[in-house]
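Colleague: The lines below spell out each chain.
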Amino acid sequence: MTSPALAAVSTLAVMVALAVLLLVYKSVNSWRRRFEAVSRASYIAVFGELTARGSYPQEILSAWTMDSVFRDALVDFMRLLDGIERDRLLRVARDLGIVDAAVVALNKSRRKKVRIRAALMLYELADPNTVGPLMHALNDQDSRVRVNASAALARIGEPDLVGAILSSVDRENEWDAARTMDHLVSLGAAAVDGLITYLGDLTERMPKYCRLALQSLGEIGDFKAEPTLLHALQSAEPEIRLVAAGALQSAGTQRCVEPLIAAMTDHDGRVRARSAKSLGAHFDDRAVQPLYEGLHDREWWVRKNSAASLVRLPSGVAALQKALRAHDLFARDAAREQLMLLGIPAGASAPSRADGPDGSANWIEDQLQALDTGAAADDPEDGAAWIEDQLRALDTGAAADDPEDGPDWIEDQLQALDAGGVTTGPGKPAVQDRDAAVIDRPVEPAAPVAPGEGRDAVPVMGSSEVPSDEVGAPAGAGAELFAGEGAAAEAVDLETVPDRPGQAAQPEARPGRTHQLPAAADQLEETHEAEEVRVELLGETPVAVTKHKPSVLDMVLESHGFGDGQIRKDRRAS
Amino acid sequence: MLEILTYTILAYVIVLELGVLLLAVGSWVSLRREQFTALHGRMFDMLSSVTTPPVSIIVPAYNEGLGIADAVRSLAMLRYPRVEIVIVNDGSTDDTLQKLHTAFNLFQVDMPVRQMINTEPIVATYRTKLPLPVVVVDKRNGGKGDAINAGINVSKYPYVLATDADIILDDECLLRMMRPVAEDRSRVIAVGGNVRPLNGSRVRRGKVTKVGLPARGIEMIQILEYLRSFLGARPCWSRINALLLISGALGLFQKAAVVEAGGFRRGHLGEDLELTMRLHRTARDAKRPYRIVYVPDAVAWTEVPATYEVLRKQRIRWHRGLTQVLREYASMMLRPRYGVVGMLAWPLFTLFEFVAPIVEFLGYVLVPVVLLTGHADPTRVVLLVVFAVALGVINTTLAMFLDERFGLYSRPGHGIRLLWFALREHVLIRQRTVWWRVRSLFWNGHAVWGDMPRTGVGRLTDDADAA
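Quick mapping for you: the protein sequence lines, in order, are chains A and B. Each residue of the first sequence is one higher than the one before, counting from 1 in our numbering. Each residue of the second sequence is one higher than the one before, counting from 1 in our numbering.
Honestly, the hints are just simulated from the structure, not real lab data. From the three backbone atoms N, C-alpha and C, an ideal C-beta is built for every residue, glycine too. Be careful, since some hints might not be right.
To be verified - Only pairs whose alpha carbons sit at most 30 angstroms apart, straight line, appear in this in silico BS3-like list of lysine-lysine: (1) A:K208 / A:K224; (2) A:K208 / B:K287; (3) A:K322 / B:K129; (4) B:K207 / B:K129.
To be verified - Far from chain B by the CB rule (all over 12 angstroms, computed), these chain A residues: (5) I84; (6) I98; (7) A101; (8) L138; (9) T197; (10) E337.
Based on the provided sequences and hints, a complete structural model is requested.
Modeller: Given below as structure tokens:
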């Protein structure tokens, strides 16, 4: 036979053999699964009887112990039980030798898969008589054996074992260590002393293990851990500070309020965010001012958490209402969102002309808004003339702020009005304001605020560093930031909440409003929805421009000789 | 000359099939380890652990009115502690948005959106009054990649699962995909799942209740193709961190990695392959340790084309996407800087996926010619053809062996039907797909997705439910 013939024939033979083998394999598997399903059902029925009666025919069950399905069914059924019923099944498992077999497999078998299964079995059984072998298994070569053994010890629940369990944690990867810690949490207060001892002065362990231990202390929520957590809040490692701040939410007392307030000035945004969240849990009005300042933080999560916490404080709602008039769009939105969740109309604070021209940007916005809604005390039909008067007054230096800077200052205000958004730094996108009358001073084209710099900088949206909800957050720590986020997403009946003073509630969907931050000027297009958006370039800074309806401002600008875009071009030229 | 060319082509095909065989063996080893870990790794601890990372599920929807509500309900039932579901209505011209409004009692919210990736403008954002973590984003049409990017911008969690609106995920799919992430959060940046054809299976209330095989041969062939691809090759590539394709139908990504890489490409026919390659390149250029893994027991179900016409369009689009990516990432080929990806996976992928159809097509043309003209020994040629075909069937059979671990096509008749179509595939079916792929090379450069008519997963329900 030639080579091609040999190759072809042998390959055909292999093909046919494989096909036959596959069919046989499928048939056997199908039969086996059915058999196992029936067996399993039978065993579980027997276990049900057994736990109810408390006695069992040992000779029958002994025969079944050879079946792996029996052991698996026993373990699965034990998961559903508690108390005396579980103890009965555990006694059965001991009498039938299942526990002993697992112990022997755990300590003697050379095959790691066998040891892993045995450790898993002992975890499920959680027999206090197996402490010794499990302690021995903490030194196993395979991490899965060690983790299952330590989980089993934690499940047995003797406080004396905490130290032994924690001693094995340092060998594990982060996920396995986390799972071990999770099981320690189930011991509750009994594990606190062991965890505190484990942490020591935080320098003896790797940061990732310290984080997990601190997190466990937070989950347990025992106040005994507070001094340790406060010490951790001063750590040089930002991730440790982050977790400590989170743990103090549940394990802290009023003594931790001041340290958490101090942590709100941390240079790491995640620490600030988590501190803001924890402060909300202590219902202490000392936190109101720092949380209010947190609404203007450059970090997204700091603002969100600050608003969510303010809602919980006795004087927090007033602060949120004040924030509705803040410069920062996101501060206003965060405040509005929380107030709406409380059922407080977000536009309840209608501007009053009696406030007088304090020269603030918000005042101009108030007047425009008042004009816009027709709520102004003065003749609203004379709107354009009136606003012109106000601007002229400002222009002549009658403004309270920067009188020597009159023309430039008014230009800034008009520019900000016209821009309708906050410029966030050179090259950064601007924000389109829903209410379309945002008054903010344009950011001077300076170096972007670097992470870690003071919070005096203008809030920057989308800074160059990765936001705190991104991968930078460590395992567990990042999850902490989101704990309870679901609450913010709870359904709220906003149908009856007016979004502007004097405006009726809108039961139907409002015309679409774009709130996208344009990355480039050329990406925004004019819409035919309620508000037009036009993007103009201020040098290199794209700014979203919102037109008001009615276009009072346009009339005013035109009457002052500021043509469309002219003010910006002139400013650039100067 | 013709004879030499014919034998060369046949040798190429045989070597190709042997390569696939090696991959299948590697996948077998990988699957054994993977399944043991899944079985004994106590994955369900993740359900109650605070360290479990939360996930945003992003669903781009374009004219998915038929099944979008079912899709969202299905996602809301996933077993995972913390998720949000972001539906991105990509400028649909049908009633997709209206269906969402009706099904989920949406209300409009004003939500500042961080523009981490440039996208088409967002028109509106909605939340639901029901206790569901659902956000609906209505935006201008920009294509699937653009819609996913918009979803990424809106999402709040550090991991995103990009899936299609017509996909049904198994209950524990997300949990299984997140297991490698939880175990190695610092390195794992992307996870792919196992996509299976839904055709022939029974769906009830958004879940697959009974796995079956379809009646049509064209659907059966695709089942075999998916088995070979998802079980016969990917586990092996994943093991050596050389997985080149995270399927666009089911891909989990670390959001920061995707943003750093620039997000999904707009208007790209192979946006999933392109993004995966870009993730590889970005991480390797930065000399950063990373992993892109595949989880075979994270299963999602999708409806595959039931007619040749639709299948043709799909395969042409896929191959055009592949061609695009090949051009764009040719610089990675055989570069030591890109490790096993550049030196092994990418060249082999090019040979298997791009060159192979051309060579195979030439073979289909040349073999009859040389037989008729007598330029080669007909016996030898026929035997070699038989050898190559038999190897192909063996590879398919091995993939079916691998699938047996999951026990899905477990009925007695399933095996026989699948084996029959493993043979039948080589008669006038495979030749068509090869021709389509070759034809796609004569592309005028205009990238289109086209529409795939769907029956809608909701319509695959039991009659009792439909009544």
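Colleague: Take the hints in turn and mark each one as holding or not.
Modeller: These are the hints, each one checked on the structure:
no. : hint            : result
1   : A:K208 / A:K224 : holds, 22 angstroms
2   : A:K208 / B:K287 : holds, 23 angstroms
3   : A:K322 / B:K129 : holds, 28 angstroms
4   : B:K207 / B:K129 : holds, 24 angstroms
5   : I84             : holds, 25 angstroms
6   : I98             : holds, 18 angstroms
7   : A101            : holds, 17 angstroms
8   : L138            : holds, 17 angstroms
9   : T197            : holds, 22 angstroms
10  : E337            : violated, 8 angstroms
Comparing the model with each earlier hint shows a violation of hint 10 alone; every other hint is respected.
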